[in-house]
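K.L.:
Using the sequences provided together with the hints, build the complete structure.
Number of protein chains: 2
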Amino acid sequence: MANAQMKRIPGKPAAATGRKRKSGSAESEAAAPAKKQPKIVRLTATDLAEKQREISVSEFFTKNRHLLGFDSPAKALLTTVKEAVDNALDACEEAGILPDLLLEIQEISETRYRIAVQDNGPGIVKAQIPKIFGQLLYGSKFHRLRQSRGQQGIGISAAGMYGQLTTGKPITVISRIGAGKPAHKFDIQIDTRRNAPVVVADHEVEWTPQHGTRVELEIEATYKKGRHSVDGYVEQTAMANPHAQITYVAPTGERTELPRVAAELPKPPQEIKPHPHGVELGILLKMLHDTKAKNLRGFLTSEFSRVSPAVAEEIAGTAGLSAGMTTQKAAREQAEALYKAIQATKLMAPPSNVLSPIGEELLLEGLKKQIDARFYAATSRSPSVYRGNPFLVEAAIAFGGEHLPADEPITLIRFANRVPLLYQQSACAVTKSVIQTNWKAYGIQQSRGALPLGPMIVMVHIASVWVPFTSESKEAVASYPEIMKDIKLALQDVGRKLGIFIRRGLREADAEKKRSYIEKYIPHIGIALQEILAISDKEKDKVCATLKDTLERSRKL
Amino acid sequence: MANAQMKRIPGKPAAATGRKRKSGSAESEAAAPAKKQPKIVRLTATDLAEKQREISVSEFFTKNRHLLGFDSPAKALLTTVKEAVDNALDACEEAGILPDLLLEIQEISETRYRIAVQDNGPGIVKAQIPKIFGQLLYGSKFHRLRQSRGQQGIGISAAGMYGQLTTGKPITVISRIGAGKPAHKFDIQIDTRRNAPVVVADHEVEWTPQHGTRVELEIEATYKKGRHSVDGYVEQTAMANPHAQITYVAPTGERTELPRVAAELPKPPQEIKPHPHGVELGILLKMLHDTKAKNLRGFLTSEFSRVSPAVAEEIAGTAGLSAGMTTQKAAREQAEALYKAIQATKLMAPPSNVLSPIGEELLLEGLKKQIDARFYAATSRSPSVYRGNPFLVEAAIAFGGEHLPADEPITLIRFANRVPLLYQQSACAVTKSVIQTNWKAYGIQQSRGALPLGPMIVMVHIASVWVPFTSESKEAVASYPEIMKDIKLALQDVGRKLGIFIRRGLREADAEKKRSYIEKYIPHIGIALQEILAISDKEKDKVCATLKDTLERSRKL
Numbered sequence: 000m001a002n003a004q005m006k007r008i009p010g011k012p013a014a015a016t017g018r019k020r021k022s023g024s025a026e027s028e029a030a031a032p033a034k035k036q037p038k039i040v041r042l043t044a045t046d047l048a049e050k051q052r053e054i055s056v057s058e059f060f061t062k063n064r065h066l067l068g069f070d071s072p073a074k075a076l077l078t079t080v081k082e083a084v085d086n087a088l089d090a091c092e093e094a095g096i097l098p099d100l101l102l103e104i105q106e107i108s109e110t111r112y113r114i115a116v117q118d119n120g121p122g123i124v125k126a127q128i129p130k131i132f133g134q135l136l137y138g139s140k141f142h143r144l145r146q147s148r149g150q151q152g153i154g155i156s157a158a159g160m161y162g163q164l165t166t167g168k169p170i171t172v173i174s175r176i177g178a179g180k181p182a183h184k185f186d187i188q189i190d191t192r193r194n195a196p197v198v199v200a201d202h203e204v205e206w207t208p209q210h211g212t213r214v215e216l217e218i219e220a221t222y223k224k225g226r227h228s229v230d231g232y233v234e235q236t237a238m239a240n241p242h243a244q245i246t247y248v249a250p251t252g253e254r255t256e257l258p259r260v261a262a263e264l265p266k267p268p269q270e271i272k273p274h275p276h277g278v279e280l281g282i283l284l285k286m287l288h289d290t291k292a293k294n295l296r297g298f299l300t301s302e303f304s305r306v307s308p309a310v311a312e313e314i315a316g317t318a319g320l321s322a323g324m325t326t327q328k329a330a331r332e333q334a335e336a337l338y339k340a341i342q343a344t345k346l347m348a349p350p351s352n353v354l355s356p357i358g359e360e361l362l363l364e365g366l367k368k369q370i371d372a373r374f375y376a377a378t379s380r381s382p383s384v385y386r387g388n389p390f391l392v393e394a395a396i397a398f399g400g401e402h403l404p405a406d407e408p409i410t411l412i413r414f415a416n417r418v419p420l421l422y423q424q425s426a427c428a429v430t431k432s433v434i435q436t437n438w439k440a441y442g443i444q445q446s447r448g449a450l451p452l453g454p455m456i457v458m459v460h461i462a463s464v465w466v467p468f469t470s471e472s473k474e475a476v477a478s479y480p481e482i483m484k485d486i487k488l489a490l491q492d493v494g495r496k497l498g499i500f501i502r503r504g505l506r507e508a509d510a511e512k513k514r515s516y517i518e519k520y521i522p523h524i525g526i527a528l529q530e531i532l533a534i535s536d537k538e539k540d541k542v543c544a545t546l547k548d549t550l551e552r553s554r555k556l
Numbered sequence: 000m001a002n003a004q005m006k007r008i009p010g011k012p013a014a015a016t017g018r019k020r021k022s023g024s025a026e027s028e029a030a031a032p033a034k035k036q037p038k039i040v041r042l043t044a045t046d047l048a049e050k051q052r053e054i055s056v057s058e059f060f061t062k063n064r065h066l067l068g069f070d071s072p073a074k075a076l077l078t079t080v081k082e083a084v085d086n087a088l089d090a091c092e093e094a095g096i097l098p099d100l101l102l103e104i105q106e107i108s109e110t111r112y113r114i115a116v117q118d119n120g121p122g123i124v125k126a127q128i129p130k131i132f133g134q135l136l137y138g139s140k141f142h143r144l145r146q147s148r149g150q151q152g153i154g155i156s157a158a159g160m161y162g163q164l165t166t167g168k169p170i171t172v173i174s175r176i177g178a179g180k181p182a183h184k185f186d187i188q189i190d191t192r193r194n195a196p197v198v199v200a201d202h203e204v205e206w207t208p209q210h211g212t213r214v215e216l217e218i219e220a221t222y223k224k225g226r227h228s229v230d231g232y233v234e235q236t237a238m239a240n241p242h243a244q245i246t247y248v249a250p251t252g253e254r255t256e257l258p259r260v261a262a263e264l265p266k267p268p269q270e271i272k273p274h275p276h277g278v279e280l281g282i283l284l285k286m287l288h289d290t291k292a293k294n295l296r297g298f299l300t301s302e303f304s305r306v307s308p309a310v311a312e313e314i315a316g317t318a319g320l321s322a323g324m325t326t327q328k329a330a331r332e333q334a335e336a337l338y339k340a341i342q343a344t345k346l347m348a349p350p351s352n353v354l355s356p357i358g359e360e361l362l363l364e365g366l367k368k369q370i371d372a373r374f375y376a377a378t379s380r381s382p383s384v385y386r387g388n389p390f391l392v393e394a395a396i397a398f399g400g401e402h403l404p405a406d407e408p409i410t411l412i413r414f415a416n417r418v419p420l421l422y423q424q425s426a427c428a429v430t431k432s433v434i435q436t437n438w439k440a441y442g443i444q445q446s447r448g449a450l451p452l453g454p455m456i457v458m459v460h461i462a463s464v465w466v467p468f469t470s471e472s473k474e475a476v477a478s479y480p481e482i483m484k485d486i487k488l489a490l491q492d493v494g495r496k497l498g499i500f501i502r503r504g505l506r507e508a509d510a511e512k513k514r515s516y517i518e519k520y521i522p523h524i525g526i527a528l529q530e531i532l533a534i535s536d537k538e539k540d541k542v543c544a545t546l547k548d549t550l551e552r553s554r555k556l
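Line by line, the protein sequences are chains B and X. If you read the first sequence in numbering that gives the first Met the number 0, its first letter stands for residue 0, the second for the next number, and so on. If you read the second sequence in numbering that gives the first Met the number 0, its first letter stands for residue 0, the second for the next number, and so on.
Source of the hints: derived by calculation from the structure; they are not laboratory data. Treat the hints loosely; a few may be bogus.
Said to hold, decoys possible - For lysine-lysine, the following DSS-like pairs were computed, each having C-alpha atoms within a straight-line distance of at most 27 Å:
id: 1; chain 1: X; residue 1: LYS224; chain 2: B; residue 2: LYS431
id: 2; chain 1: X; residue 1: LYS62; chain 2: B; residue 2: LYS328
id: 3; chain 1: X; residue 1: LYS224; chain 2: B; residue 2: LYS62
id: 4; chain 1: X; residue 1: LYS345; chain 2: X; residue 2: LYS272
id: 5; chain 1: B; residue 1: LYS223; chain 2: X; residue 2: LYS484
P.N.:
See below:
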């Protein structure tokens, strides 16, 4: 981005900034309305005070529904499916169940669809159903550090709210928590002014599955085919979740079965405590006041990861505090001393074996099965840390072949905690990292500030106990420098492998060109030799064969 | 973006998707944990239920503070200043006062700054101060449709929360609502778990200004110079607010005075009622139940803009409803019939004179005073509508001259409701519209999918009663097709003017080249003629002068 030279010189008012007074009266009018203005509405502080009001989080997101991924009917369909599938997969995995999902989308009209997502998960306890589906900011995943697809407690209730907004229909939930237990069916709406669920209907029903949950929503939406649609989402979800079995019934009635590739659940991610280096002063202060630990030593060792009693003593010492002090009444100054001591103390990095990567092997397998290409490479990096949160980056590429267009920008497939990200590509740290990687070094065309051009698919997966998204719709990863650094390292890793392949290809093409060039002349050389040396046809053919053979061998050297 | 050909063929399971079973046991394991997995944590529905919890909006944004623009210390400084200045300018304008702002940034340490923003606005009523500064989602601007800088009720309390998070210090507010009234000073913190203000201190103080508000925050931040910093923000704020007087004391101690250019307040924006075409079914249903109107006719005419009693009758008739029916108990089906009738009724566009544009003249003036260029153009379009909300787009360009780099991507300056947008450029509808505009048609270089290259600054302003931002940090405008269309039209308008200038420049350069070429030979022609015709030196000079004159004249034709 060009940094245009501006004319402003600080410290020199009018001339420097070029802003001149039009009339000498401006200053005296500073606290009074301009005279020529036809009808200025002069509101007093009291008038303004009367307009102040609380805004419920549901009202906020109703008006800002594009923040949640409901800005167009096409995107609304995808977002709704995504939120329901995220929850289904999370529930199965938390319960240690290999996921078996059914996704049905039924066209009611061209602008209205009914979506059903059914899982074989553990089910949901009856009392929790209304809040989980009828209240924004309610859930089990926010107040913990553990890799999962959902993390905010917004998604599925937002989809319900969008359905209610556009069709007036409630969200329907059927759930059963075990063989001997009844299945419950709820119709739930949201009271947006209070951000609270309203149970419209609640029955016991007959339901075949022994355990699991089925969610149905009717929403205003449009269905399109293609990569940015539900079709593409299902395909990519299967790539990143080889242990899941997915049945997808498209609005057209087409039924797609995506059986599982991996017969085992991935290594389950672990919940961790926050790392001391990632905790801000204000949070530390709050934790000191809220802790149940008896003293500072206990607080440090029980509330954080990587703090042994010895390390706790060290931190307390550096802060000039006693490890035995009670923390509940710690003053801001004491907390600040403690905060600085923590920053100054060398600590082990956060535990990194808590994440659940896809792994190189399954990345390659997924890519190979989806795309016919000439070259594949994958890498799964070891974990790093941003703001105290462990994360890891995986990347894979497919290159060449007739199915990938040669002169188009590459296709970028992004995943976060195994969830495909289909929108807001340009706002994503992944895209920025791809653009900032020097692909020319690997033999790939690239214009400045743009995606590389060529027959290539690049796939990037970020797994973390807390993925920082750029909005509540979770479509793009925020550009933390630590994350971008690791993405670039992963891309460089697969890029180098690609470079070797491309250079070898170029060398071979070059040799091939020379060879065919000389080959073309060997018969003429034979004829010339025959004339000069008066040799027989047989001898001529032998000479030609020898020449050709020599050529072949020299090419291999 | 290339749409790579995927191998999946719907309807044909394993082979079609390429996902094959690795072992025959996968299916039978669908509802049971895999056997080889070392230690699967099997959580039941009851275990999961125990983890469900409410999340307060403050907790949500503490953990997701990058959504609010606090993702890096440099950005945190800018966001804090921006939120405070937005509020100050809004308050002054609502009270019909020409804004006179003081912005002071004091360096406490390299990573800690104290920010003070003081205005000459109407002040804030004492009872309102704690909630305005100590509670997220509280404010006067959310529940209305009127062009203003703030619209969410999040900004300034979020800045306070960030200060508390990083330095533990409360936000300090001094306010006075009139000459005879006392000035109040508050120290306010947020109880994040309850999203409620905690008043730490509250005194009457001596304060010179007769009315106005001063906000002070201490935050973790870093200060950098340049376009994306507070310096650039202040400069651009002055460009878009020529009626404001701003005094800026930078952390370096440098004092910059930006006096007002326009002596009058801009035309005050008007509050409007929602347009019927922009209201969703769910909102309509809620409005029907909540209205104080006695019947459907009264409801339609009083709650919406552009609905006369005659139009209300027409809508009711189309819906098969009586205009005299009471609305409070309207069923979903009736609301849906009404909704469809509204969509089917031709209505006047929303009132468009409610917005407050900067205007072509002040756009040009602002640009000319900030940047030395060879060519300027500006346009201020008439209002359009997205989702029932009026908006308008203004664009201006500066081109050429030695201060703008020739081979770099252009500099793009974005504004929304007169607020400069300094981050998330690539996610913004403005940027996308610039990229999608065919600049080559106007003689400007451009690679596919990239910003054009050349010595140019492009400035775009969007004004609306409700600007749809891509996140709560309000850094980028969401890509509504209606908005992008109008931005492109505005860009095409200034682009065409630029194209004429550039083509004229090219023609002139061409003519100049020819002229200098011929001029070079005129003396030789003179000498040749002298030799051939044996004319005197005087006659030769006359012939040369005539030739030159003819050349000059021909060039002007």
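K.L.:
Please work out if LYS345 of chain X and LYS272 of chain X have their alpha carbons no farther apart than 27 Å.
P.N.:
holds, 18 Å
K.L.:
Holds or violated: are the alpha carbons of LYS223 of chain B and LYS484 of chain X at most 27 Å from each other?
P.N.:
The hint holds at about 22 Å.
K.L.:
Given the hint that LYS62 of chain X pairs with LYS328 of chain B, test it: the Cα-Cα distance must not exceed 27 Å.
P.N.:
With a Cα-Cα distance of about 24 Å, the restraint between LYS62 of chain X and LYS328 of chain B holds, given a limit of 27 Å.
K.L.:
Check whether the Cα positions of LYS224 of chain X and LYS62 of chain B lie no farther apart than 27 Å.
P.N.:
Violated, because 36 Å separates the two Cα atoms, which is more than 27 Å.
K.L.:
Are LYS224 of chain X and LYS431 of chain B close enough, with their CA atoms no more than 27 Å apart?
P.N.:
Holds - the C-alpha atoms of LYS431 of chain B and LYS224 of chain X are around 23 Å apart, at most 27 Å.
The structure does not agree with numbered hint 3 stated previously, though it agrees with all others.
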